[in-house]
Amino acid sequence: MSTLELEAREFHRFDAAGSSFVYLVPSAAVFRLDETTEAILDHLSAGPRPVDELCRALAGRFAEEEVRSGIYDLMETRAIGPRGAPPEAMPVEVPSEDFPLTTMVLNVTAKCNLSCTYCYEYGEDQIVDQTSMPRYMDEETARESVEFMLEQAGDHEVVNLTFFGGETLLNFKLLQSTLAYANRRGAEEGKRVRFSLTTNGTLLKPEVIEWLADNDVGVTISIDGPKDVNDQFRVLNNGMGSYEMIVPKVKKLLERHTTRPIGARVTLTQQNLDVHRIYRHLVEDVGFWEVGFAPVTTSSCHSYALDEASYQRMLEQFRELAFEWLEYAVEGRHHGFSNVRESIEEIHKGFSKAYPCGAGLGLVGVATDGNVNLCHRFAGSKDHQLGTVKGGIDRSKQAKFLEEHHIAYKPDCHSCWARPLCSGGCYHEAQTRYGTTSAPNLHYCDWIRSWTHTCLEVYGALAERNPSFLHHFEA
Amino acid sequence: MRKLKGINRKAAQIERHLDELRRSEQTGAPASEGNEGDHDVVGLRSGSPPGDPQIPLGCTLIFAPGWETDASGGTAGLCQPVERDLFDCHLGCFWPAQVPDQLNHAPDWTSRCAAAEKDWRNVDLIFP
Chain X
1 MSTLELEARE FHRFDAAGSS FVYLVPSAAV FRLDETTEAI LDHLSAGPRP
51 VDELCRALAG RFAEEEVRSG IYDLMETRAI GPRGAPPEAM PVEVPSEDFP
101 LTTMVLNVTA KCNLSCTYCY EYGEDQIVDQ TSMPRYMDEE TARESVEFML
151 EQAGDHEVVN LTFFGGETLL NFKLLQSTLA YANRRGAEEG KRVRFSLTTN
201 GTLLKPEVIE WLADNDVGVT ISIDGPKDVN DQFRVLNNGM GSYEMIVPKV
251 KKLLERHTTR PIGARVTLTQ QNLDVHRIYR HLVEDVGFWE VGFAPVTTSS
301 CHSYALDEAS YQRMLEQFRE LAFEWLEYAV EGRHHGFSNV RESIEEIHKG
351 FSKAYPCGAG LGLVGVATDG NVNLCHRFAG SKDHQLGTVK GGIDRSKQAK
401 FLEEHHIAYK PDCHSCWARP LCSGGCYHEA QTRYGTTSAP NLHYCDWIRS
451 WTHTCLEVYG ALAERNPSFL HHFEA
Chain Y
1 MRKLKGINRK AAQIERHLDE LRRSEQTGAP ASEGNEGDHD VVGLRSGSPP
51 GDPQIPLGCT LIFAPGWETD ASGGTAGLCQ PVERDLFDCH LGCFWPAQVP
101 DQLNHAPDWT SRCAAAEKDW RNVDLIFP
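Quick note, the sequences are listed as chains X and Y, same order. Heads up: the first sequence begins at 1 in my numbering, then just goes up one per residue. Heads up: the second sequence begins at 1 in my numbering, then just goes up one per residue.
Among the hints, erroneous ones may be present.
[What the hints assert, rightly or not] Derived DSS-like pairs: lysine-lysine, alpha-carbon spacing no greater than 25 Å straight-line: (1) X:K227 / X:K251; (2) X:K191 / X:K205; (3) X:K390 / X:K410; (4) X:K410 / X:K397; (5) Y:K5 / X:K349; (6) Y:K118 / X:K353.
Calculated directly from the structure, the hints in this document are not laboratory data.
Next up, chain X with everything else stripped away, as it sits in the complex (with noise of 0.2 Å):
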């Protein structure tokens, strides 16, 4: 009697393992599907069929109740639905004023002693004069900095700090000094403070390994990989490579500070896209716990800029690091293929993001002269700025920011089954793309589609070969 007529909604299908998923779009849920259920969106796919008809066309190969059955599961869960009823809502709910600051990102050089080509902060992409901010950033800015940080940080009994540059540790007195600081102010206001820092290696003098290691500061080094790859374009002002200089150093600091995992992070371009090699040499040759890759932010005029065939050439070779992460995953053992372990983490907390990243939000970066600005990498742009240690966060400016970049002002995203994970992507990315911090990336979306693709199918493995492993997500 019914003439219902149902229609697949938004998800997208994978297999893994010998099993059939489904990531649910937008809760980024992920189901497995048994053989009904399977059968059932394999109709589905041809489009809507009324309940009945589903019924008889698959009344050959399972029970009518156990069709009937699945077909309540899935609209249940909302993975198919009514013919024509409209999308999910994609309500604009800006976060509250109170929401709570967990990182701060403070720029205490403005100054690098290298030159790497691709740069963005002081190459050809540049948003910030970086001649026009303070050089160094002061003591008194830096305490006004950790005070803001733990007002802002609410409730939150754990606040990251971490320090960025130019090359953080040109500025290594004030790194000292504001740690101590934000030690002794974060015990009297009930809170602890992590540390972390990125730098590219060069100033890692034994004192300076001996101070991160004693206070447990995480870092994270910038290095390209093998000293062909590296020295192409981490240069000094000379035009030396600096990979001879960093590594030694590097190796030192691997050696003496364990309390702490110590990644690389690598920035692939057209000419340096070896990503088997580069992480073979890192984590094998020299030692490094982790290894994160990120293409090059560039304008697509550069050489150094990846194309499509780059582009896919990466995602193959990421696809394969993936699934070695996997198979050490299912041993239970640590791979140090970073990106994958992220995003694995994201999938399994279900993370359904209205923006692409904490920015603005939950993470500020602070320039030199004191200005809080979106993040890091807007550090001292004026037309990213939120408000001044000082003087706090303007709220009204804040909260303008976060409508406006709302994944729903996005339409270029909404028909995209990746949204939950990828919400148009890097604001940074965007300036340097589009100029304008509002605009989905478009210029990687088949990429970043293809990428979570791996990602679930990794996942999925994973819970069906390991679903202990899991748990180390469950923080």
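Following the hints, complete the assembly by docking chain Y onto the known chain X.
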């Protein structure tokens, strides 16, 4: 849920929520998740045995252009005659169409309408 297995945390959340809803329906107590009174309104849901598809009924849940008005806002050019679906409307719909009392007053109202698709013109108006 019998046919789907939740894998990630979000799926577990959905399963918990649905269990909660089912329990609250059986006991009549409000589900604890969400705000009080903040529940989905689901047509003809109560009473369906668990495992049965919970299918919303009624044309109001389905957007079918041409169903209620034609392109000009009138009823002259409907894509199908209103009478065509009279049976679904008064038998299955959660907001049933009003029809004559076929038990007492007009027992023969549909006697000349064996198949609504072709005989709908024989279903006539009834005057008291």
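Hints and how they fare:
1. X:K227 / X:K251: Answer holds: X:K227 to X:K251 is near 15 Å, not above 25 Å.
2. X:K191 / X:K205: 30 Å, violated
3. X:K390 / X:K410: 34 Å, violated
4. X:K410 / X:K397: 19 Å, holds
5. Y:K5 / X:K349: This hinted pair holds, its Cα atoms lying about 16 Å apart.
6. Y:K118 / X:K353: 52 Å, violated
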